[in-house]
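> Here are the chains, one letter per residue:
2 protein chains.
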Amino acid sequence: MGEHVLVQHPSSETVSADEFRAAFRNHPAGVAVITADAGDGPVALTATSVFSVSIAPPLLVFSISELSSSTPTIRRADTVVVHLLGADQLDIAKLGATSGIDRFADTTIWKRLPTGEPYFPAAHAWIRGRVVNKMEAGGSTVVAVQALETYAPEAGDPSADAATAHPLVYHNRTWHRLDENSKIQ
Amino acid sequence: MGEHVLVQHPSSETVSADEFRAAFRNHPAGVAVITADAGDGPVALTATSVFSVSIAPPLLVFSISELSSSTPTIRRADTVVVHLLGADQLDIAKLGATSGIDRFADTTIWKRLPTGEPYFPAAHAWIRGRVVNKMEAGGSTVVAVQALETYAPEAGDPSADAATAHPLVYHNRTWHRLDENSKIQ
Numbered sequence: 001m002g003e004h005v006l007v008q009h010p011s012s013e014t015v016s017a018d019e020f021r022a023a024f025r026n027h028p029a030g031v032a033v034i035t036a037d038a039g040d041g042p043v044a045l046t047a048t049s050v051f052s053v054s055i056a057p058p059l060l061v062f063s064i065s066e067l068s069s070s071t072p073t074i075r076r077a078d079t080v081v082v083h084l085l086g087a088d089q090l091d092i093a094k095l096g097a098t099s100g101i102d103r104f105a106d107t108t109i110w111k112r113l114p115t116g117e118p119y120f121p122a123a124h125a126w127i128r129g130r131v132v133n134k135m136e137a138g139g140s141t142v143v144a145v146q147a148l149e150t151y152a153p154e155a156g157d158p159s160a161d162a163a164t165a166h167p168l169v170y171h172n173r174t175w176h177r178l179d180e181n182s183k184i185q
Numbered sequence: 001m002g003e004h005v006l007v008q009h010p011s012s013e014t015v016s017a018d019e020f021r022a023a024f025r026n027h028p029a030g031v032a033v034i035t036a037d038a039g040d041g042p043v044a045l046t047a048t049s050v051f052s053v054s055i056a057p058p059l060l061v062f063s064i065s066e067l068s069s070s071t072p073t074i075r076r077a078d079t080v081v082v083h084l085l086g087a088d089q090l091d092i093a094k095l096g097a098t099s100g101i102d103r104f105a106d107t108t109i110w111k112r113l114p115t116g117e118p119y120f121p122a123a124h125a126w127i128r129g130r131v132v133n134k135m136e137a138g139g140s141t142v143v144a145v146q147a148l149e150t151y152a153p154e155a156g157d158p159s160a161d162a163a164t165a166h167p168l169v170y171h172n173r174t175w176h177r178l179d180e181n182s183k184i185q
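Listed in order, the protein sequences are those of chains D and L.
Number 163 in UniProt numbering belongs to position 163 of the first sequence; there are no gaps in the numbering.
Number 161 in UniProt numbering belongs to position 161 of the second sequence; there are no gaps in the numbering.
Possibly wrong hints are sitting among the right ones.
[Said to hold, decoys possible] If we take Cβ atoms under 10 Å as the criterion, some of the chain D residues that face chain L in the derived model are:
1) Thr14
2) Ala17
3) Asp40
4) Ala87
5) Ile127
6) Pro153
7) His166
8) Val169
9) Leu178
These are calculated hints, taken from the structure and not from any lab test.
Even glycine gets a Cβ: it sits at the ideal position worked out from N, Cα and C.
Can you make the complete structure from the sequences, with help from the hints?
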């Protein structure tokens with residue numbers, strides 16, 4: 001296990017930003033890109049905070065930081081598209097994670113759904129949904145979304161299979177790909 | 001990309017449980033075990049829904065399903081311990097994910113903190129925190145926790161390094177381990 005650091009603050013009962021980051025440094029996550037358009041143009045944001053919370057009704061949550069330029073639009077939007085990415089779509093993940101660029105400059109990689117939302121057709125799977133609840137959490141907002149529409153590989157399709165789908169994982173500023181070799185036997 | 005299925009319900013605007021599961025099938029996640037004791041004995045629950053949402057104040061969220069036997073205790077608890085697991089701690093992940101067993105039968109693998117909460121000292125990192133907010137989401141509750149205390153590898157320790165820490169990832173009912181080989185160059 002090596003040397004660990006126990007950080008305790010019995011009096012003030014709080015931990016510093018660095019201490020909190022150190023605790024989460026080893027926590028990996030799947031990668032999603034969230035798109036929306038609240039009437040003032042499309043936005044896209046890469047997030048490692050998406051998870052499914054309920055099957056009936058079908059609900060997912062994600063968090064958005066007030067520091068992101070896409071956050072004001074996502075906070076105002078009634079509907080969003082949550083793209084769940086495979087390792088083959090690292091370019092989309094990087095696009096939504098790069099500051100100071102026009103994420104919609106390349107018009108060959110995004111389209112609009114019939115319902116109007118911008119989306120990336122190359123994503124492994126995506127879910128269009130309605131924002132149904134929000135919870136403030138420090139400098140971020142946790143958003144709950146009810147699924148209205150899904151797009152995913154059909155069961156039996158090779159890309160639906162865990163062994164060949166190659167999910168994308170983010171961990172401590174590096175990108176990883178899951179496959180047969182990463183599996184614990 | 002193979003064959004994909006587009007599921008649309010323009011009239012009812014909802015998707016089925018199977019459709020929602022299919023969309024999330026390829027979405028991996030880091031693995032945590034959450035412990036608490038609200039006065040009626042220790043509980044432990046494996047969760048793939050933990051993420052950091054704010055650095056200042058230091059906040060994380062996770063979701064708990066009403067279907068889990070540990071949920072009533074975690075909903076009542078003022079404080080919880082969130083353990084972030086490495087691949088070397090797969091035994092703890094499996095323990096918290098197995099139904100119908102006494103998860104605290106083996107008294108060699110858990111202890112109590114001076115503040116009273118049950119915890120697993122072998123976890124790669126853990127965060128003790130106070131429940132500060134909750135959001136209902138279908139059959140689940142999203143819980144926001146403010147960190148009071150952290151335990152993590154010291155910077156410079158080999159187990160703090162991404163290349164040697166070997167994070168544990170859950171994906172479509174399989175366990176994976178991240179290392180140099182899973183990294184996308």
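> All the hints need checking, so say for each whether the structure fits it.
Going down the list of hints, with the structure as the test:
no.	hint	result
1	Thr14	7 Å, holds
2	Ala17	4 Å, holds
3	Asp40	24 Å, violated
4	Ala87	6 Å, holds
5	Ile127	5 Å, holds
6	Pro153	6 Å, holds
7	His166	9 Å, holds
8	Val169	5 Å, holds
9	Leu178	5 Å, holds
When the structure is compared with the earlier hints, a violation turns up for hint 3 alone.
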